[in-house]
Amino acid sequence: MLENSLKEIDASRMSVRELNLALKGVTDGEHILIENPKGMHHIAAGLGSRCTVEIEGSVGYFAGTMINGPVIRIRGNAGWFLGDNITAGEIVVEGHSGNGTGQGLYGGRLVVKGDCGDRVGALMKNGLVVVGGDSGIMTGLYMMGGEIIALGRLGDNAGESMVGGKIFFSGPEPALGKNAKVEDASDAELENVERILRDYGLAAPKMRKIVPENPRYFRRSEGSIWNVRRERNRYRVEIDHGACEVCGVCARVCPQQVFKEVKQGYMAPINDFECVGCETCVEYCRQRAVRVYPVQETGKSTWSRREIDEIQIKAAIGRAPVRGMGAWKRFPHFDDLVFLCAQNSRPPIDHYREPCETEIVLGKGRAERPLRAAAPILVGAMSFGAMSKEAKLAVVMATSRVGIPTNTGEGGMLPEERGLASILIAQYASGRFGVSAEYLRSADAVEIKIGQGAKGGQGGLLMGEKVTEEVAKVRGLPPGSDAISPARHLDIVGPEDLKMKIEQLREITDWKVPIIVKYSAGRVGDDVKIAAKAGADVVVIDGKQGGTGAAPDIVIEHAGLPTLPALVEAERSLRELGMKDKVSLVVSGGIRNGADIAKAIALGADAVAISTGVLVAMGCRTCGLCSTGRCPRGITTQDPVLRKRLKVEEMAARVENYLRAIIEELKMFTQLSGKTSIRSLEKDDLRAITTDAAAITGVKLVGT
Amino acid sequence: MCGIAGVLLNGRGDVGHLLTLMLGGLQHRGLDSAGVALYRSEELPGDEFMIRVFTKDVIGALSKISSAIARAGGDIRNIKLNSIRGYSFDLYTVKAQEKDLPQMVKNINETELSKVLSIGRKMDIIKDTVSVEELDRNFDVSSFVGSHGIGHVRFSTESCVDLFHAHPFQSFDHIDVALVHNGQITNYWKTREKLEQKGVKFQTENDSELIVHYIIDRLKAGDSLYDALKASVEELDGPFSYIFSTEKELGMVRDKLGLRPMVILDAEEMKAVASEENALRILNRKGIIRNVRPGEVICWKIA
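Protein sequences, first through last, are from chains A and B. Going by the UniProt record's numbering, the residue at position 274 of the first sequence is 274; the numbering climbs one at a time, nothing skipped. Going by the UniProt record's numbering, the residue at position 62 of the second sequence is 62; the numbering climbs one at a time, nothing skipped.
To be clear, the hints were calculated from the coordinates, so they are not data collected in a lab. Values in this document were obtained by computation on a predicted structure and should not be read as measured data. Backbone N, C-alpha and C define an ideal beta-carbon position, used for all residues, glycine too. Treat the hints with care, since some could be wrong.
[What the hints assert, rightly or not] Ranges of calculated distance between the beta carbons of each label pair, as one might list FRET restraints:
| # | chain 1 | residue 1 | chain 2 | residue 2 | range |
| --- | --- | --- | --- | --- | --- |
| 1 | A | 203 | B | 142 | 44 to 52 Å |
| 2 | A | 701 | B | 71 | 46 to 54 Å |
| 3 | B | 73 | A | 578 | 54 to 62 Å |
This is chain A alone, in the form it adopts within the complex:
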């Protein structure tokens, strides 16, 4: 690099925004010197050019976050989460760095010559972290790939819950975390490590490595409640032998092997204990010869069939059983409310002749480009990986045609997705799959997922079986690796962290797109206030009727608030803060039809998110097999045979029809209440038909 091409930036009078804007104009090959960085956070966030940046002094949190290409040298210390989610490039720190150094790395290199804090390389997927000095506890936490080279002392619980990658170390053998073991490194590995270290003037004798003891540590295939040999049936299956042609289609499509041709020309549901009620057989049977009936519950309410069944499963597997979908118990819901129709006191608007506005704008407050949608509906976040590519594409095509936003889910963005989606929200979740500056910038909004209604306060795991080559590529993972989503973002532990996270994402997206924060409904009042004060444009509250691909059944049924009270609390919080105009409120969890949407809006939501309803339109029967990967409808599976059952174009048309129908229904309720815009719906348009719903919502009880 020639001396005269060095460009100096004195940051002493600059904000981080100004500094990052100056860096944005830098092109490949340029050489920049930043003086007086003042420990600013988010320096060089999302920098994409192949330039060299030298920083004279210490930097704050998230230095070089999500860079893709540059070389950054820091002559000082770095704060927490240095080089967070880098895809390519290199960062060299002469001093020390804080917690979470190199978390979620996808590629590139991070070299810290001094000490590092806790959780170095947590959630790493690929790339390399070199620590010259000591590192804190839990180095390589939830590591899924990549390499860490630690020259100094490793803190306790090294390699905690790692499922991939390697940690080379030369210090004394540390106290290991769960599923970590020490092995001798091969000569080839040692040679490679030595070569890397030489580049940075470092050397270390006698390196050994920490690797996962069992790369499938989290595998619990028998954990699904549908994978256990059952002793009681929940569905009764019958075959009309007069109509049955013994074509065998029922046996081929059944995910649970219920049917068997017990003797020549005689098909019998011999294994109906395993039936989950997906009714695929019913639909595929040309002769309509198969019938599936739910078994009646007994009158023993404490010891219902279901409870006894659950105990039997636990007794068989010794673990809390897991299933897909949301809560199946009954909770106070929108069904407990009715609309008052306009008659003589106010006139109804005619649905067939007169207009009704349904357009909405979300996030008008701070973002340059707020989210505009044709109707107050968002399709909720469902990841590629949990869902098949066919199901994702059908949803994207349908929402684009209707003109409403769709969400990538936590599994990254499919290559086709951006092109097809007219409005696309990129989700940013705790596992950080497929996250890069480019990913976030290409979206129309970024959603920080703190939690999910069905499994509030819990993380998740996508089984390695579902991590095919294609899923791995989109997620930035090694193929076949379990994809771990921790229960919390490792860098969002308190409210000020959320504020910093929002600033970080805004720096990366140039303050252009709205930032959404999605919560599972728990301490809704407090959480919503925090999100609003931390700078969120939109808050999504997901109630416990919301679905999931997999969660412990007991958590689905017993943790989190139902959607209705959650919405009421969230709305009150925003009102108390006086921020209803600045922060949009979206509610989700068990929204099925136009009546639910209209009631949610009347209670103060700006929009709703629908996910399960969309899947049902595609053929889902909410059987709960999602986590097994055996979805008979080709929705939540990566099995090529099952995926073929989902015809993308046909299902896109069905989803589109469903969405158009519920928008139509929403208009009906608006107009019969005497309004011409959905934004005019209000609480007084409703009446509660149960005292519970009246007490929860403050809506007047009918007849009082």
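We have chain A already, so just place chain B on it with the hints.
Then chain B, alone, in the frame of chain A:
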């Protein structure tokens, strides 16, 4: 919740200025309120106390407070008036017996015009629902000279935003102690119940107040500050880092999982602690800067 900072000088010096600088560097961590607890180097005469009282500026308030103090056997020696936006944050110097102080606090609070913010022989607490800069402008924090101090900027989580939920927190049962806290105590109600059974009176539902009472309870039982802090790591659950100050010591601690940040500076002329390293860098002192380890307890004594 928030950003926290503390400083302890090797001798007497510009504690107020240093704290203001550090809190300025942490301002982005919370905008709901700001506050400091400052310790003078010299103690008041044995029977004199400084009482900081928050009062609505209405006619007759001063005489009501004066009589409330007198009724508890206090003799007002000096009043430093400090009036802001229709409220006053007056500092009374009162001659009294230490055992009468709880009654005095009760009397003042019962006037319904006023609330006691702090009592100390060395310590004074200043806090308000403003930015650090405004706090300094209103109270001239920067010019304070003393031995040590702690400070806080608040981002509220589960309790309300007002002056009384602002940090530092103090106790009227044990003068000259203060606390600043960043985090949540997730076994709040269970721990509170245990303390209440021992007769501790809670003023708010803020979990930070719980830590104050918890530590004082241990100190009264004969623990050293170090031991009390160490016990809190085991008995208090959730993510937290906090700084506890007494007239002689500055103690700090991080939760076992290290979920809340804390960085310390060890320099020749001073020791400092803050939520983020940048707040320490602003001080521009040569010395060792390092992260406090998860579950680690550190106590610094004044010279």
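How the hints compare with the structure:
| no. | hint | verdict |
| --- | --- | --- |
| 1 | 203(A) - 142(B): 44 to 52 Å | 49 Å, holds |
| 2 | 701(A) - 71(B): 46 to 54 Å | 52 Å, holds |
| 3 | 73(B) - 578(A): 54 to 62 Å | 46 Å, violated |
In terms of the numbered hints stated before, the structure departs from hint 3 and from no other.
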